[in-house]
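K.L.:
Full structure from sequences and hints, please.
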Amino acid sequence: MLKQFYFNQFEYRRPYKAISENKYRTLLFQFLSILTIALGIAYLNWRWRYSLNLDALWFSVPLVVAETLSFISTVMIIINFWSNSDPEKTPPIHYLSEIEDIQNGKDRPIRIDIFIASYNEDVELVRYSIIDAKKAIYPYDDVHIQIHVLDDGRRDGRDPLKENMKKVAEEENVNYLIREHNQGYKAGNLKNALENTNGDLFVILDADTRVFPEFLINTTGYFRKRKVAWVQTPQWFYDTTAPEKLSSIINSKLLISNKKISRLVDFIFGKVEINEDIFGNEPRLFYDVILRKRNFHNAAFCCGAGSIHRREAVMNHAIKSFVQQIKIFESNLSKSKIDINELHNLKKALLLEQELIPFKFHASEDIYTSMMLHADKENRWESIQHSEVECKMLSTQDVDSWIKQHQRYAEGSLDIAFKDNPLLIKGLSLRQKICYFSTIWSYFAPLWILIFLLCPIAFFFSLSLPVKAYSFDFFKYFLPFQIMNTITIAIGCWGISTRRGDQYYISSFWFMLMAIYSVIRGKKVKFNVTPKDKGFAKSTQHILPHIIIIALSITGILYNVYLILWGHHPVISGFAANTFWCLFNITALSIMIRAAYWKPTEVKEQLI
Amino acid sequence: MKKYSFLFKPLFYILSLAFATWLVIKIEEVRPSDFGQTETKTPNSRITKEELLNRKKNLRTLFREFKEGKIDSTQFDNKLTFLLEAPAN
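Line by line, the protein sequences are chains A and B.
The first sequence lines up with residues 1 to 608 when you count with this note's numbering.
The second sequence lines up with residues 609 to 697 when you count with this note's numbering.
If you are wondering where the hints come from, they were derived from the structure by calculation, not from laboratory data.
Do not take every clue at face value.
[To be verified] Per label pair, the in silico range of CB-to-CB distance:
hint, chain 1, residue 1, chain 2, residue 2, range
1, A, Ile572, B, Leu692, 25 to 33 angstroms
2, B, Ile633, A, Trp58, 30 to 38 angstroms
3, A, Lys327, B, Ser613, 48 to 56 angstroms
4, B, Tyr621, A, Arg226, 30 to 38 angstroms
5, A, Val65, B, Ile633, 21 to 29 angstroms
6, B, Tyr621, A, Val65, 26 to 34 angstroms
C-beta atoms are modelled at their ideal positions from N, C-alpha and C, and glycine is treated no differently.
P.N.:
What follows is the structure, given as C-alpha cells:
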C-alpha cells in the first residue's frame, strides 16, 4: 500500500495538449510585431524628446528610463516568439548506429539510464517516481533501460534518524547510487551518476518527476539527428490549486450560517470562481510558448527534470572544459619561475586533481551547461523542446517555497550574467545570444517594475506629472503602442492565459530585487532544494513591501480625492490616469497577499 | 509561381515595414481637429488691418453710446455679442 499524499486527489488530472502550429498565425504575429516595434520607437522618441516634464526631472527621467528598458524586453520577447519550428517526430531508436557513427565498431542495441535525483524528499514520494519510471514502455526488448536513484542525502540506513532511501530502491528493484559529499549539489550528483553508469542516453528526473509510459518512445527518436544533444519535455504541475467558488469563500469567511443569506450570496456570486493556481505555478506559457519557440533559434535550454540527454555530448563538453582548465593552469605555472622537474610534478598533480564535470557546478547548472553546449563551435550541438507533456511534477505549495525556488532561479541566472554573459560568449549565434540574454534580462525587470509601482504614489504626494501633460499627444502615441503591444503578445501566446503570469511578474518584484542585490554583493548562490510539501508558515514577512505599496497607493488616492473635493487639485487628468494605473498595480500586488494567506479547503476545515 | 515562393517572406516583411512606417507618420499627423474639435484661430490670422480698424471704430461707438445712455445694458450686450461674433470678411 503506497503512502497517501495530498497530491493523490489530483491523480485524475490529465495534461494539456500542445498548441498546434499555424503558419498564418505566425505571419499575423510577425506583422503585428513589426507594427508594435515601430509604434514603440515612435512613442519613446516622443517621450524622450518632447514629453519630459523639466520641472520634475527627478520623476520624469526614471519613468522614461523604465519605459525604455521595458521596451527592450518587449523587443527580445518578439524575437523569441518570432517563429515556430517544431522538429519532426520520428520512431524510437533501436541500435546505437542510429544515433552515433560507430565506424568499424560493433553495433548493439542502445542503453538508456533513468536518473532520479533525490536529496531530502520523503522516500515514499520518490517511490511514486520509481514506480512510474518502471512503467516506461519501449518497443524493443533488447534495449537496456536501467533506473538509478541518485541519493545525495546519504540515506542508506547508516543514520537511524533518516529515512532509508536505499531500502526503497532495493524494494523496487532499481539501482541505488550514493556519494559521500554534496559537492556541486545536483550537478555533482549527476556527475557521480555518469561516472557509474554507461547509458548512451540518460533521462534526468527530480524526486517528484513521474514520467508517463510513452516518455522514451516519444523522445528518443530525435537523437537520430547526430547534432541533438538533449530533448527537454514540458514540466507539468498536476497539483496546482483548483478554482474555488467565491460564494463559498464569502460564506466561510463571514461565518454565514443563515441559509437564506447563504443562498442569496450563492445567487449573486454563484458562478464566480477564484484562486485557480493561486501560486502562479502553471508553467505552460514557459514551455509551450517561450521555450518551444526557441527551437526556431536552436536556443531552447535544458531545465533539468523531464529531459533526455546524449551522453556523448555532455562528456565531450566535460573533456573540453577539462583540457581548457589544464591549459590555463599550465600557462599560469609556466609563467611562474619553477624548475622543470617541479613543473612536471605539479602538472601531474594537476591532472589528478582536476575532474571531468559534465554539468557545470552551479545553482543554474541546466541553463549554464546548455549555453556551453550551444557555444561549442566544433560540434554545434542542437537542443529540442518537445511540445507534448511526457511527465508530471509537483509544484510549490506555499509562498515561502515559491519565493525560495524563484529566488534561486533568479540568482543563478543573474550570476551567469555577471560571470559568463551570453552576449560575450564566443560560439553562440546572435539569435542564441539574444535568447539567453532575454532570459537573464527578465530577471532585471524588478528594477523598472519598482519605478512603475512608485510613480503613481510619487504623483499623488508631489502633484507633479512625469510628463508635461496628459495631453492629446500623450494618448496618440501611448495608446496605439500599448494596444498593439497587448494584441501582439496575445497572438504570440495564443490559447494560453497570461493573467496569472502577469500578476506574478509584477508582484515578485521584491524577491527579485533581493536576488539582484545578493548577486551584486557577490554572495554565493546556494542550491536550495525546493520543498514540495505543504507548509503554511512564515508568509507574512514576504508580503510587507506589497502591503506598504498598496497602503501608500490607497492613502495617495484618498488624499487626492480630498484635494479635488475642496477644489485644490491642480491636475485632475493626472489624478484620473494615475488612479487607473494604481488600481492595476494593486490588483497585481494583491495576488501575493492572497497567496500568502491562502489555505487549502481541508486545512481551513481543520482550523474551523 | 512556386519558383518565386522564396520571395514571399522578404516581400511580406518589407510591406509590413512600409505599412508600419506609414502608420507612424499618419499618427504623427493626427490633430485634435481630426476628432471633431475645431481649431482655434488667432484673431490676427485672417483679419486685415482695415477690418481691424473698422471693428475698433465700431466698438468705440458702442461704448460711447452706452456711456451717453443712448442704449441700455441689454442692447449693449446684444450689440457687443454681435460685433464679437461677426465673421471676418
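K.L.:
Just tell me: holds or violated, for the beta carbon distance of Lys327/A and Ser613/B against 48 to 56 angstroms?
P.N.:
holds, 50 angstroms
K.L.:
For the range 30 to 38 angstroms, tell me whether the beta carbons of Ile633/B and Trp58/A fit it or not.
P.N.:
The hinted range 30 to 38 angstroms holds for Ile633/B and Trp58/A, with Cβ atoms some 34 angstroms apart.
K.L.:
With respect to the beta-carbon atoms only, verify the hint that Tyr621/B and Arg226/A lie 30 to 38 angstroms apart.
P.N.:
Once the Cβ atoms are compared, 33 angstroms apart, the range 30 to 38 angstroms for Arg226/A and Tyr621/B holds.
K.L.:
Taking 21 to 29 angstroms as the stated bounds, is the beta-carbon spacing between Val65/A and Ile633/B within them?
P.N.:
holds, 27 angstroms
K.L.:
Hint says 25 to 33 angstroms; check whether the CB-CB distance for Ile572/A and Leu692/B agrees.
P.N.:
holds, 30 angstroms
K.L.:
Taking the CB of Tyr621/B and the CB of Val65/A, does the distance hold inside 26 to 34 angstroms?
P.N.:
holds, 30 angstroms
In this structure, none of the earlier numbered hints is contradicted; all agree with it.
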